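S.K.: Chains L and X are the protein sequences, given in the same order. Numbering-wise, the first sequence is residues 1 to 170 according to this note's numbering. Numbering-wise, the second sequence is residues 1001 to 1621 according to this note's numbering.
Rather than coming from a laboratory, the hints here were simulated on the basis of the structure. Small disclaimer: the values here were computed from a predicted structure and weren't measured. Hints may contain errors.
[As the list claims (entries may be wrong)] The list that follows gives simulated cross-link-like pairs (lysine to any residue, SDA-like), each with its CA atoms no further than 20 Å apart:
#, chain 1, residue 1, chain 2, residue 2
1, X, Lys1325, L, Ala118
2, L, Lys157, X, Leu1326
3, X, Lys1220, L, Leu22
4, X, Lys1325, L, Met170
5, L, Lys157, X, Ser1415
6, X, Lys1325, L, His161
7, L, Lys108, X, Gln1315
8, X, Lys1325, L, Ala165
9, X, Lys1409, L, Gln160
10, L, Lys123, X, Ser1322
11, X, Lys1609, L, Asp23
12, L, Lys109, X, Ser1322
13, X, Lys1421, L, Leu3
14, X, Lys1609, L, Thr7
15, X, Lys1325, L, Ile158
16, L, Lys123, L, Lys147
17, L, Lys111, X, Lys1325
18, L, Lys64, X, Lys1217
19, X, Lys1217, L, Asp23
20, L, Lys20, X, Thr1200
21, X, Lys1409, L, Ile158
22, L, Lys64, X, Thr1200
23, L, Lys64, X, His1219
24, X, Lys1312, L, Asn163
25, X, Lys1421, L, His75
26, L, Lys116, X, Lys1325
27, L, Lys21, X, Lys1217
28, X, Lys1409, L, Glu156
29, L, Lys64, X, Ser1322
30, L, Lys20, X, Lys1325
31, X, Lys1217, L, Ser65
32, L, Lys116, X, Leu1326
33, X, Lys1609, L, Leu3
34, L, Lys157, X, Ile1410
35, X, Lys1325, L, Asp23
36, X, Lys1325, L, Ile121
37, L, Lys64, X, Ile1411
38, L, Lys21, X, Leu1389
39, L, Lys111, X, Ile1314
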Amino acid sequence: MSLNFFTLLQLPETFVIDLKKLDQNYQNLQKEIHPDRFASLADEAKIASIKKAAEVNDAYQTLKSPIRRAEYLLHLYSIDIHDEKYTAVPQDFLMQQMEWREELETQKKNKQALEKLASDIQKNKSEMLSQLPGYFESKNNLNSAIKVTRELNFIEKIEQHINDALIEIM
Amino acid sequence: MALLQIAEPGQSTLPHQHKLAVGIDLGTTNSLVATVQSGLPTILKDMDEHKLIPSIVYYGENETKVGQEALPYLSTDAKNTIVSVKRFMGHALTDIQYRDSLPYEFNEASPDIQIKTDQGYKHPIEISSDILKKLKETAEVSLCGEITGAVITVPAYFDDAQRQATKDAAKLAGLHVLRLINEPTAAAVAYGLDQKKEGTFVIYDLGGGTFDVSILKLHKGIFEVLATNGHPHLGGDDFDQAIAEMIKKENRLDQLSHEDKRSLIMHAKGLKEKLTEHSSAKTIIKFSSGKEIAYMLDKDRFFELTHDLVLKTIQPIRRALSDAKLSIESIDGVVMVGGATRMPHVQSEIKTFFKKELLNDLNPDEVVALGAARQAHTLAGNKSDQDLLLLDVTPLSLGIETMGGLVEKIIHRNSIIPIAKAQEFTTYKDGQTAMSIHVLQGERERVSDCRSLANFTLSGIPPMVAGSAKIRVTFQIDADGLLSVSATELSTNKETSMTVKPSYGLSEEQITNMLKQSFEKAGEDKEIRALSEAKVEGEQIITAVQNALDKNGRQLLSQDEFENIEAAILVLSSSLQLNDPDLIISHTKNLNTLTESFAAILMDESVGKALKGQSIDKVNL
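The shape of chain L in the complex, shown without the other chains (with noise of 0.2 Å):
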């Protein structure tokens, strides 16, 4: 039996959450449920709990990271971000992404230029994350709701990228 992501956490079903409820209940889960409580069992034993287990912490991860959180409640309501019907972007946003990726590669040695870019682009997710709780609240609104999520996706990539950029210099 697979239950809902947020039924298993006990969570209410929305995009804003109790972030400290999530800790406290998945370590409750944890708590009766982890491999590590059927230890002394023989291998085939512990089958059954590792599943529950990987479930949970997979439940965990998607509802702690507020754009997979996105992604997931899009799911429940049977739309998949990444399907093709949904590819297009709108063409400022391919022209700050491309503005972005430009500036990473020509100053993928420079600290400042790097750590300026990364400060942008935090300022840019942080308004597209505090967008997304509205977009959510009145289920009108998904349309919005699937082009944010969509554009974090590009965003958390691009960060990665600068991330290990200046990972690589330091």
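Fit chain X to the given chain L structure using the hints.
M.R.: Same frame as chain L, now just chain X:
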């Protein structure tokens, strides 16, 4: 699959007396074994009162010597005396660097590493198992009893092949592995429980041959790893090597015998250790030719020579911090683990980096084994540390090969384990009944830059039109960090079978053969041992199933299910009276299969219980 008994808090899973369980730190240069005695973890000493057992095995024509006893052979019979075997675990022959500097002869005909000794070819897994046997024996002599289970530590940055190799070595040594745990996590357990530390900690673990860094949150008995990183081949050994190379160069020692090279390394190690306390160190090296060299090294020279080795540990720290989304300021403490962290320039570099005093309260050589002993004690079902819960992560991303030699990631590094992710595949040809999947581990985008773990061939796919078969492949990493893969064809709901070709390590058959050989050599009766193992397992399962049935079997099972399980218990318990291991194993299997769905129902019950908040009070204390 078997029935699970859900243990009530404060109650062990099996109604038994105190079980002897040990924690083992299987190190590159030294190994240790520890246990919990009267509530306190203690390192067990060998007969000569040594705590550290050198990870050295000597294979003479008629004798095998391990640990201290193997030491003298290092500089007299280098070819047959194997050191730092941990560096070979889970690797292929082509992975070995600096082969010329090693005194061993390898089997060139084998892709696996096989070292030629006077006892024939030895696989790294066999050599490790000889070290583990020595540790087991040390513990059993010291505790006057049989060990029921062990927690073995591995570097957090070990990949799947290296973990599997370690588990196989334990199996070969006749050890029941309760869990493989990561070395920095074990160290954190020791600090968290013995020193009552709480907060966010960095564990900096520089051992003999490996470097790990883990960031953990310690809170009320819960040890949550936020991120881990490391370097698979960096440790104290490299510092010795650097000194030895310098001595060689300065004295133009080109043509050294293997024994001389070994002796040179041991002198280098001696110099390094002296420099921890003194500002300069001196040694006299005698070579087999009769030549003698007096060598002096001072602190500054040594620090300069090895500074870049210390710097190599900084990048993994940055990566771990970045993955954990933490800044240096949010770290509450830095714990130093591993003998190599005694070096003053390592200490000062890390102190400067974190701008913090370092934690050295527990002996850096012993802390990993002590933490492992704590975990072993709990896992064996001895009541203690009831709330101890380790939530660890996988150090490396796992992916599969896609078009153009690229890797598609399926499980990302630093995901909490256990974790399972499913991926759907389809056929590209009409009537296609098989397909192969290449599994890789690593962070890079190209297949050639990642470690190949295995090639799976899925077969038994029902013949269909191209693209209509849907095969769901589930990749699961368990709490030991080990991967398993299963596949189901969705339209027919048929489990597809698969053959696994691991890229490294031993097949099940090879292990069985090695086990057989070692029994023959030890003069043990394999039959008797198999029978006793089968009986123990059979009895365990009966107890577990019976308890669960008594508790809520009537509510959760249908009349038929209930009676079938009861009948299977009866059959199994009567077969325990007969001395036929195969019969017992087959009846045990039968009971396991019957209780499979009951185990899942119980697990959901358990979730339901936790959801109702029955155990929340415990956490809010």
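S.K.: Hint by hint, note whether the structure agrees.
M.R.: Against the structure, the hints:
Restraint check for Lys1325 of chain X and Ala118 of chain L: the C-alpha separation of about 14 Å stays at or below 20 Å, so the hint holds. Only pairs whose Cα atoms come within 20 Å are accepted, and Lys157 of chain L paired with Leu1326 of chain X is accepted, the gap being roughly 18 Å. In summary, the hint linking Lys1220 of chain X to Leu22 of chain L is supported, as the alpha carbons are separated by about 17 Å, within the 20 Å threshold. Between Lys1325 of chain X and Met170 of chain L the CA atoms are separated by roughly 17 Å; this keeps the pair inside 20 Å, and the hint holds.
For the hint pairing Lys157 of chain L with Ser1415 of chain X, the CA-to-CA distance comes to about 17 Å; that is within 20 Å, so the pair holds. Between Lys1325 of chain X and His161 of chain L, the direct Cα distance comes to roughly 14 Å. Compliance with the 20 Å bound is thereby established for this hinted pair. Annotation: proposed proximity of Lys108 of chain L to Gln1315 of chain X holds, straight-line Cα distance about 17 Å (limit 20 Å). Only pairs whose Cα atoms come within 20 Å are accepted, and Lys1325 of chain X paired with Ala165 of chain L is accepted, the gap being roughly 16 Å.
With a CA separation close to 15 Å, the supplied pair Lys1409 of chain X and Gln160 of chain L stays within the 20 Å bound. Our distance criterion of 20 Å between C-alpha atoms is met by Lys123 of chain L and Ser1322 of chain X, whose separation comes to about 18 Å. About 17 Å separates the Cα atoms of Lys1609 of chain X and Asp23 of chain L, which keeps this hinted pair within 20 Å; it holds. Between Lys109 of chain L and Ser1322 of chain X, the direct Cα distance comes to roughly 18 Å. Compliance with the 20 Å bound is thereby established for this hinted pair.
For the proposed pair Lys1421 of chain X and Leu3 of chain L, the alpha carbon gap of about 16 Å is at most 20 Å, so the pair holds. For the given pair, Lys1609 of chain X sits about 13 Å from Thr7 of chain L by alpha-carbon distance, which is consistent with the 20 Å threshold. At most 20 Å may separate the alpha-carbon atoms for a hinted pair to count; Lys1325 of chain X and Ile158 of chain L meet this at roughly 15 Å. Simply put, Lys123 of chain L and Lys147 of chain L have alpha-carbon atoms about 18 Å apart, close enough for the 20 Å limit, and the pair holds.
A C-alpha spacing of about 19 Å is found between Lys111 of chain L and Lys1325 of chain X, which places the hinted pair at or below 20 Å, so the restraint holds. For the hint linking Lys64 of chain L to Lys1217 of chain X, the alpha-carbon distance of about 16 Å falls within 20 Å, and the restraint holds. A hinted pair counts as satisfied when its Cα atoms are at most 20 Å apart, and Lys1217 of chain X with Asp23 of chain L qualifies at roughly 12 Å. Our distance criterion of 20 Å between C-alpha atoms is met by Lys20 of chain L and Thr1200 of chain X, whose separation comes to about 16 Å.
In summary, the hint linking Lys1409 of chain X to Ile158 of chain L is supported, as the alpha carbons are separated by about 17 Å, within the 20 Å threshold. Distance check on the hinted pair: Lys64 of chain L and Thr1200 of chain X sit about 18 Å apart at the alpha-carbon level, within 20 Å; holds. The suggested pairing of Lys64 of chain L with His1219 of chain X holds, with an alpha-carbon distance near 18 Å, which does not exceed 20 Å. Of the pairs offered as hints, the one joining Lys1312 of chain X and Asn163 of chain L holds, with about 18 Å between alpha carbons and a cut-off of 20 Å not exceeded.
Between Lys1421 of chain X and His75 of chain L the CA atoms are separated by roughly 16 Å; this keeps the pair inside 20 Å, and the hint holds. As the CA atoms of Lys116 of chain L and Lys1325 of chain X are separated by approximately 18 Å, the hinted pair is consistent with the 20 Å bound. Our distance criterion of 20 Å between C-alpha atoms is met by Lys21 of chain L and Lys1217 of chain X, whose separation comes to about 17 Å. Restraint check for Lys1409 of chain X and Glu156 of chain L: the C-alpha separation of about 16 Å stays at or below 20 Å, so the hint holds.
For the proposed pair Lys64 of chain L and Ser1322 of chain X, the alpha carbon gap of about 17 Å is at most 20 Å, so the pair holds. A C-alpha spacing of about 17 Å is found between Lys20 of chain L and Lys1325 of chain X, which places the hinted pair at or below 20 Å, so the restraint holds. Proposed proximity of Lys1217 of chain X and Ser65 of chain L is supported: the alpha carbons are some 18 Å apart, at most 20 Å. Distance restraint check for Lys116 of chain L and Leu1326 of chain X: the Cα-Cα separation of roughly 18 Å lies within the 20 Å cut-off, and the hinted pair is therefore satisfied.
The hinted pair formed by Lys1609 of chain X and Leu3 of chain L meets the criterion: a straight-line CA distance of about 14 Å does not exceed 20 Å. Using a Cα cut-off of 20 Å, the hinted pair Lys157 of chain L and Ile1410 of chain X holds, with the two alpha carbons roughly 16 Å apart. For the hint pairing Lys1325 of chain X with Asp23 of chain L, the CA-to-CA distance comes to about 17 Å; that is within 20 Å, so the pair holds. Among the hinted pairs, Lys1325 of chain X with Ile121 of chain L is consistent with the structure: their alpha-carbon atoms are about 16 Å apart, no more than 20 Å.
This hinted pair checks out: Lys64 of chain L and Ile1411 of chain X have alpha carbons roughly 17 Å apart, not beyond 20 Å. Distance hint between Lys21 of chain L and Leu1389 of chain X is fulfilled; the C-alpha atoms sit about 18 Å from each other, no more than 20 Å. Note on Lys111 of chain L and Ile1314 of chain X: the hinted pairing holds, with a Cα-Cα distance of about 17 Å set against a maximum of 20 Å.
Going down the numbered hints, you'll see the structure goes against none, and every one checks out.
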